[in-house]
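Taken in sequence, the protein lines are chains A and B.
All the letters of the first sequence, read from the start, carry residue numbers 1 to 189 under this note's numbering.
All the letters of the second sequence, read from the start, carry residue numbers 1 to 448 under this note's numbering.
No lab work stands behind these hints, which were simulated from the structure alone.
Hints should not be assumed to be uniformly reliable.
Examples of chain B residues toward chain A, derived with CB under 8 angstroms [claimed, not checked]:
#1 ILE12
#2 SER15
#3 HIS18
#4 TRP19
#5 SER23
#6 GLY24
#7 THR26
#8 PHE103
#9 LYS104
#10 PRO105
#11 SER109
#12 LYS114
#13 ARG367
We treat Cβ as the ideally placed atom computed from N, Cα and C, and that holds for glycine.
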Amino acid sequence: MPDDDRVDRKKPLVTVIPFGQTPVIAAKVIAAHISGYLNMDAETLPSMPIPPDALDGERLQYNAARIIETLEAADMTNAFKIVALFDVDLFIPLFTHVFGEARQNGRVAAISLYRLSIHADGSCPPSDRILERAAKIALHEMGHLLNLLHCADPLCLMNFSDTVDNLDQTPFNFCRYCRRSLHRALASP
Amino acid sequence: MQIMIVDDERIIRESFFHWFQKSGHTVETAASGAEALDKLTQAPFDLLFVDIKMPGMDGIELLAAVKERYPETLVVIITAYGSIESAVNAMKIGATDYLVKPFKPDQLSLVMEKVAQHQKRSSEYNYLKGRLEKITRFDNIIGQSAAMTAVFEMIAEVADSDASVLLAGETGTGKELIARAIHAKSPRANLPFIAINCGAIPDTLLESELFGHQKGAYTGATHDRKGFLEVVGGGTLFLDEVGEISPKMQVDLLRVLEDKTVTRVGSRRPVSVDFRLVTATSRDLDAQIDAGHFREDFYYRINVIQIDIPPLRQRKADIQLLADHFLKKLCHETTKRVDRISPRALQLLEAYDWPGNVRELENAIERAMVLSKSRMLDEADFAFLQPPGKAAAHGPALRDMEKHHILDILDQYGWNITQAAKALGINRVTLHKKIRRYQLKAGSRDNQ
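Bound conformation, chain A alone (with noise of 0.2 angstroms):
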């Protein structure tokens, strides 16, 4: 898309990057949901090489938080917000992995493909779960980036979800609250 059509933009706009071998069929799909549920504008941008200080050499996981920290140092001034999707394993220094990983307000969220690519049986789900799985996290760090918090409610999005089953069972659905939140946000970006 060229720069000049960016500069008139009304609606905000949210650039996904996929990252390393992600495949970029997830971003395309990721970048759909953006744009349908919370009517943003969405972008896909070609992969990038994984930030190579993000490994770290003892977990032999990727620092979610360092990716963050880069990204939004990085000159990217069109995006009003970065979602960031690899397919290696990312972790918090708290947690053994996260699925994803956004700050409350912040402008980069962080999506792996990794533990959202093995039910917990271990066997592989199919390609299309996958993906659902990959939008629902990238909607709810979104919601994160537009300052929501998590919910209570199981059938919101904004509900944590720690196992990829609770995330399964979670539809595609913002709660009334975090509906009208999300309005809120959007109206002065």
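Fit chain B to the known structure of chain A by using the hints.
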């Protein structure tokens, strides 16, 4: 929820901070045990996540200190060096849970669920405790011990009748409160309650006070005056320290009780009276009868029903309730902010014999509060309590100490009441009351 993360690793503090922020909690962080304790003195916290391995005070030491000072604050221990031993140790001291870093997100979810359940149970407990407190208060008399429950039952039983009640108990056990409760529960509740301390009034004056006098009955009797036996007008007359009245007065009162009439001093015309008599004594009246100082017929007349008020040392189950009550009451009366009594201090209070009973306990709490600089009364604040056996002389000693302390502060501030009250941590009205109570005057130090 107010959460504090205590960990010397910045990265862990930040991770926790962002995580709990996303769940809408208020999060504080501390890099050491000392910093955490400092923050706890400034604001209350519901939940602490505490790392075990920290320089200086380690997590277990911090856990013990928090449980000692803030027993309602929940503590979850976190460590990268987990062992069954340290887990068992932490749980024994009172940790709510134990997490080994790094943990799965669902482990944290489970801990938070546990905390939420604990808080729910705790608020239910506080609700029930509040209800229990209402039940354990009987017209301002506080007690849940078996001994006091028996007293409450007696009050309820005797209140409806007109029978004379003798309250027997040591000084400071709250006999007047019980007399007031009997009056309040009786059909006479809307009529006057008059309390007279027979031990504090000379016999001749007591006669005039009770029976009244006719104009010219004696020097100074310039007009007719009704005595309390008439003034009480159908209400309850409470004679405290009835064992102190003279044999002559006992005869006069016996007659009043039998005839239900009273004759004013200097008059010959009897006047009908109606009252319910409640008396109290801290003396052994049986021994007084044996010694010939108390009339047996009068004794049986006033002792239709006897209620024995237990001394505080026999109702130690009530000490915490009473101490909390006095703490709240004194906080309300003064500007001091003292929220609680530490478990160690409570143990000390429960171990003490309380020769001055509930009154001495109230004085002790007040003294500890006046001198305390913390929001919690600790063992050291009650250092003035002597071990059992040496305690008989405490009441006056406590009063003297308070009196001297107030006088010191007043002198220090040149008798500026506002400044002195501020320094003492009490309000001006309370200070004025104390000045009156102790009859303090500027320059009176030499007489103290």
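Quiz item: Regarding the hint that HIS18(B) lies at the interface with chain A, is the smallest CB-CB distance below 8 angstroms?
Solution: holds (6 angstroms)
Practice problem: Under 8 angstroms, Cβ to Cβ, is where SER23(B) needs to be relative to chain A, so tell me if that hint holds or is violated. | Solution: At about 4 angstroms, which falls below the 8 angstroms cut-off, the nearest Cβ of chain A leaves the hint on SER23(B) intact, so it holds.
Practice problem: Double-check LYS114(B) for me: the hint is only fine if its C-beta lies closer than 8 angstroms to a C-beta in chain A. | Solution: Violated, about 15 angstroms.
Quiz item: Do the numbers back the hint for LYS104(B), that is, is its least Cβ distance to chain A under 8 angstroms?
Solution: holds (5 angstroms)
Exercise. Report holds or violated for the interface hint on SER15(B), using the least CB-CB distance to chain A and a cut-off of 8 angstroms.
Key: holds (4 angstroms)
Quiz item: Does TRP19(B) pass the interface check with chain A, least Cβ-Cβ distance below 8 angstroms?
Solution: holds (7 angstroms)
Quiz item: With a cut-off of 8 angstroms, does the beta carbon of ARG367(B) approach a beta carbon of chain A closely enough for the hint to hold?
Solution: The hint is violated - ARG367(B) has no Cβ within 8 angstroms of chain A, the shortest such distance being about 48 angstroms.
Quiz prompt | Restraint check, 8 angstroms cut-off on beta carbons, for THR26(B) near chain A | solution = violated (12 angstroms)
Quiz item: If you take the shortest Cβ to Cβ gap from SER109(B) to chain A, is it below 8 angstroms?
Solution: holds (5 angstroms)
Quiz prompt | Closest C-beta approach of ILE12(B) to chain A relative to 8 angstroms, hint status | solution = Hint holds; ILE12(B) Cβ to chain A Cβ min 6 angstroms, cut 8 angstroms.
Quiz prompt | Restraint satisfaction for GLY24(B) [CB to CB of chain A, less than 8 angstroms] | solution = Cβ of GLY24(B) sits 4 angstroms from chain A, so the hint holds.
Practice problem: With chain A as the partner, please determine if PRO105(B) meets the hint condition of a C-beta pair closer than 8 angstroms. | Solution: Holds, about 4 angstroms.
In summary, the numbered hints that this structure violates are 7, 12, 13.
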